[in-house]
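Residue numbers (our numbering), protein chains in the order written: chain A, 529 to 920; chain B, 529 to 920.
Read the hints as simulated data drawn from the structure, not as lab findings.
The reader is advised that the hints may include incorrect statements.
Claimed, not checked - Stretches of chain B that chain A covers, calculated by requiring three or more beta carbons in the stretch to come under 8 Å of a beta carbon on chain A:
| # | region |
| --- | --- |
| 1 | 612–626 |
| 2 | 796–809 |
| 3 | 847–859 |
Stated by the list, open to error - Computed spacing ranges between beta-carbons, pair by pair:
| # | chain 1 | residue 1 | chain 2 | residue 2 | range |
| --- | --- | --- | --- | --- | --- |
| 4 | A | 631 | B | 529 | 56 to 64 Å |
| 5 | B | 541 | A | 631 | 35 to 43 Å |
| 6 | A | 579 | B | 529 | 21 to 29 Å |
| 7 | B | 582 | A | 622 | 31 to 39 Å |
Unchecked claim - Which bits of chain A does chain B cover? Going by a derived footprint, with three or more residues having C-beta under 8 Å, they are:
| # | region |
| --- | --- |
| 8 | 607–621 |
| 9 | 796–804 |
| 10 | 852–859 |
Glycine included, C-beta positions come from ideal geometry on N, C-alpha and C.
There are 2 protein chains.
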Amino acid sequence: MDDPFNAFCDHAVVHIDGASDGPLSGLTFAAKDLFDVADYRTGGGNPDWLMTHPPADRHAAAVETLLSAGATLVGKTHTDELSRGIFGENPHYGTPVNPKAENRLPGGSSSGSAVAVAAGMVDFAIGTDTGGSVRAPASFCGLYGVRPTHDRLPLDGVLGQSPSFDTVGWFAREAELFARIGAVMFAVDIPDYTPDCLVIASDVFAAADDDAAAALKPAVERLSAAVGVSEWRSICPEGLDTWFGHQTTLQSRESWLTFSDWIDENNPRFGFEVSELLLRGAALTDERVLEAKEAQLQIVSHMATILSPETFLCLPTTPFVAPRRGQARSAINKSRGRVISMTCIAGLLGAPQISLPLGEVDGIPLGVSLIGPRGSDEQLLGFARRLAATGD
Amino acid sequence: MDDPFNAFCDHAVVHIDGASDGPLSGLTFAAKDLFDVADYRTGGGNPDWLMTHPPADRHAAAVETLLSAGATLVGKTHTDELSRGIFGENPHYGTPVNPKAENRLPGGSSSGSAVAVAAGMVDFAIGTDTGGSVRAPASFCGLYGVRPTHDRLPLDGVLGQSPSFDTVGWFAREAELFARIGAVMFAVDIPDYTPDCLVIASDVFAAADDDAAAALKPAVERLSAAVGVSEWRSICPEGLDTWFGHQTTLQSRESWLTFSDWIDENNPRFGFEVSELLLRGAALTDERVLEAKEAQLQIVSHMATILSPETFLCLPTTPFVAPRRGQARSAINKSRGRVISMTCIAGLLGAPQISLPLGEVDGIPLGVSLIGPRGSDEQLLGFARRLAATGD
Numbered sequence: 529m530d531d532p533f534n535a536f537c538d539h540a541v542v543h544i545d546g547a548s549d550g551p552l553s554g555l556t557f558a559a560k561d562l563f564d565v566a567d568y569r570t571g572g573g574n575p576d577w578l579m580t581h582p583p584a585d586r587h588a589a590a591v592e593t594l595l596s597a598g599a600t601l602v603g604k605t606h607t608d609e610l611s612r613g614i615f616g617e618n619p620h621y622g623t624p625v626n627p628k629a630e631n632r633l634p635g636g637s638s639s640g641s642a643v644a645v646a647a648g649m650v651d652f653a654i655g656t657d658t659g660g661s662v663r664a665p666a667s668f669c670g671l672y673g674v675r676p677t678h679d680r681l682p683l684d685g686v687l688g689q690s691p692s693f694d695t696v697g698w699f700a701r702e703a704e705l706f707a708r709i710g711a712v713m714f715a716v717d718i719p720d721y722t723p724d725c726l727v728i729a730s731d732v733f734a735a736a737d738d739d740a741a742a743a744l745k746p747a748v749e750r751l752s753a754a755v756g757v758s759e760w761r762s763i764c765p766e767g768l769d770t771w772f773g774h775q776t777t778l779q780s781r782e783s784w785l786t787f788s789d790w791i792d793e794n795n796p797r798f799g800f801e802v803s804e805l806l807l808r809g810a811a812l813t814d815e816r817v818l819e820a821k822e823a824q825l826q827i828v829s830h831m832a833t834i835l836s837p838e839t840f841l842c843l844p845t846t847p848f849v850a851p852r853r854g855q856a857r858s859a860i861n862k863s864r865g866r867v868i869s870m871t872c873i874a875g876l877l878g879a880p881q882i883s884l885p886l887g888e889v890d891g892i893p894l895g896v897s898l899i900g901p902r903g904s905d906e907q908l909l910g911f912a913r914r915l916a917a918t919g920d
Numbered sequence: 529m530d531d532p533f534n535a536f537c538d539h540a541v542v543h544i545d546g547a548s549d550g551p552l553s554g555l556t557f558a559a560k561d562l563f564d565v566a567d568y569r570t571g572g573g574n575p576d577w578l579m580t581h582p583p584a585d586r587h588a589a590a591v592e593t594l595l596s597a598g599a600t601l602v603g604k605t606h607t608d609e610l611s612r613g614i615f616g617e618n619p620h621y622g623t624p625v626n627p628k629a630e631n632r633l634p635g636g637s638s639s640g641s642a643v644a645v646a647a648g649m650v651d652f653a654i655g656t657d658t659g660g661s662v663r664a665p666a667s668f669c670g671l672y673g674v675r676p677t678h679d680r681l682p683l684d685g686v687l688g689q690s691p692s693f694d695t696v697g698w699f700a701r702e703a704e705l706f707a708r709i710g711a712v713m714f715a716v717d718i719p720d721y722t723p724d725c726l727v728i729a730s731d732v733f734a735a736a737d738d739d740a741a742a743a744l745k746p747a748v749e750r751l752s753a754a755v756g757v758s759e760w761r762s763i764c765p766e767g768l769d770t771w772f773g774h775q776t777t778l779q780s781r782e783s784w785l786t787f788s789d790w791i792d793e794n795n796p797r798f799g800f801e802v803s804e805l806l807l808r809g810a811a812l813t814d815e816r817v818l819e820a821k822e823a824q825l826q827i828v829s830h831m832a833t834i835l836s837p838e839t840f841l842c843l844p845t846t847p848f849v850a851p852r853r854g855q856a857r858s859a860i861n862k863s864r865g866r867v868i869s870m871t872c873i874a875g876l877l878g879a880p881q882i883s884l885p886l887g888e889v890d891g892i893p894l895g896v897s898l899i900g901p902r903g904s905d906e907q908l909l910g911f912a913r914r915l916a917a918t919g920d
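With the sequences and hints as input, model every part of the structure.
In structure tokens, the structure reads:
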């Protein structure tokens, strides 16, 4: 397959036809190279992981579900190394090109999946989202993207990173298909839906760049109008940086536990950045991890007072459009922190979040997000579809 | 060139004839890929360093000196990444094979230079020694190897790491040539020499594995007899671990300062181990560095009372023979600390050290070392040659 945007992995040239009659028959999809595909090795964005693991003996659960529903798998896609990254940079295989802004990063870690969908090479693609790895590239590539309720979809056959945060998500260009995939993945009907109230997170919008916040204003007004009842309010009394710190602490510790034995055994090659992220996890004290865990419980309690069952929270998916390619690590580090200070909210709550491609700054896409209560995945998808269908 | 031990860099297939009449005419040598060779890129053991630097516009000073003295350069040799390593492991280019023990590590970071000499592919080779990078592979590959007095030889055209510790050294199979190279490099005559006294570092021998210490006993007796006057004494009141800590602190800080801008700009790929070493330097406080610097001055004063002008210090070069290949990072980490707790002594003093291939454990080589006062390089070489020539 011609791959002008470097979305696909050369090491797994895959084509597996889906079942002939199913709700997704006739559609093509790609899977991030964290999902097992039988008889292929899962590379996880790192050549030493690829080299030290045997071919998978079965498909990942999500891949199996989609094939059974009729979708045809046409490739495995690039990812940040071991899903540690939010911008899609990969020094081994090259950073996929953002089809909507070719001098900018695609977002990650589900970079290749987002790029393949944005470039129209597949109808949809699956990725994983631990700290923002579907939502950020959805925002940067102008796609619908979902991080489901944590623990709602099985992670069997997925190269996991941080069990308390890992989720399986997907990208689509249109809300109808976006919801249809959800119906298959969750095995539920997805009726149209409108929440009772929209809470617009004023402090999260304030943390975005001015041009980004301004660019999302029409989308926010459209969402408010579609819901009918909305209020602006600040959601994070401690400041987003504090929440970011807790999420990073918990994810870093788990990620280190996941990979440390393999690293010890293999001394793998990583981009410097990824080693630094991993070593931050290694350096954490138990006290700090416990503190973050307790803070997470308090955040969950606090947000339960805001996010009542029929309420969605509205926030920018990312605080800016896709950053330019080729920036120094120090600049990228700061930008990463700013993205994750927004994506950490759903992560800490275990709540579902969808990013909708409703904004742009100077022609470059930017997503607006809705977070619903845990388990409200189908309501989020049903609302996004209704919104798109009615043009509300 | 056929390279069964993976000593040479594929990216620089070099052959430069030496001057036709010189003290080294007719001899071949190799240079660690930290030395510039005009029109070739210096790779420093890292593909991203190679990729981000242009070809050298002139030869390194040491290369120029040797070519002018008649030696012919036949290749550039593998190194640990950016010379950060003591065992020769390189995940990008593969770890060179120790010709004296093929299932064991060659030592590093001047790994390929030592291997090329040990395999008889060249007559001699140059390397660098910052924390032990000539001495360790000399010990492990059964060669003569020297770390000269710090600052005595120019580092022009060398990819430096830690200016306070970087030196240019070399390997040879025989003491006569070993000294002859020194005469060229230092531009001096090297007469035979015998020190007035040999101090045998009892605490350093005690820190070696039992079989290693036992294996070096005949060599120590031979050296003692050749000198005539010798005494066993403990040299390190604080314990070798403390000295190792100071040396590592100072080297780590300097190494980080050397590479941090380039790392920030390029997010290069490293084996995990090397990133970890670099990040230790990044994490050091100024207080800790100052403390180490002050400790170094005290160590220099203390050792001046032991190492009087006509005295050599005798110690094991390494506390064990070459470690087995393929060990886990955690095991390698411990072993590295033990090696550097011995090699740090000359480093902290800025003093010259030669490793002599006079021991072996079960057929595997092990070096014994002599450290002389600063500036005594030619005395060390003259003594090694006399010892070999007389069979004393």
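Please test the hint of 31 to 39 Å on the beta carbon pair from residue 582 of chain B and residue 622 of chain A. Violated, since residue 582 of chain B and residue 622 of chain A (Cβ atoms, about 22 Å apart) do not stay within the stated range.
According to a criterion of three or more residues whose C-beta lies within less than 8 Å of a C-beta of chain A, is the region 796–809 of chain B covered? As far as the region 796–809 of chain B goes, the hint holds, because 10 residues have Cβ atoms under 8 Å from chain A.
Looking only at beta-carbon atoms, does the pair residue 579 of chain A, residue 529 of chain B fall within the given range of 21 to 29 Å? Taking Cβ atoms as reference, residue 579 of chain A and residue 529 of chain B lie about 27 Å apart, which means the hint holds.
So does residue 631 of chain A sit 56 to 64 Å from residue 529 of chain B, Cβ to Cβ? Violated, at about 43 Å.
Counting residues of the region 852–859 of chain A whose CB is closer than 8 Å to a CB in chain B, do you get three or more? With 3 residues closer than 8 Å to chain B, the region 852–859 of chain A meets the three-residue bar; holds.
Within 8 Å of chain B's CB atoms, at least three CB atoms from the region 607–621 of chain A: coverage verdict: Held - the region 607–621 of chain A has 3 residues with a Cβ nearer than 8 Å to chain B, which meets the minimum of three.
Status of the given 35 to 43 Å range, CB of residue 631 of chain A versus CB of residue 541 of chain B: 37 Å, holds
Checking C-beta pairs, does the region 796–804 of chain A have three or more residues closer than 8 Å to chain B? holds (count 8)
Holds or violated: the region 612–626 of chain B covered by chain A, criterion of 3 or more residues with Cβ-Cβ distance under 8 Å? With 3 residues in contact (Cβ-Cβ under 8 Å with chain A), the coverage given for the region 612–626 of chain B holds.
Three residues minimum, CB to CB under 8 Å: does the region 847–859 of chain B make the cut for coverage by chain A? Let me know. holds (count 3)
Hints 4, 7 from the list above are not met by this structure, while the remaining hints are.
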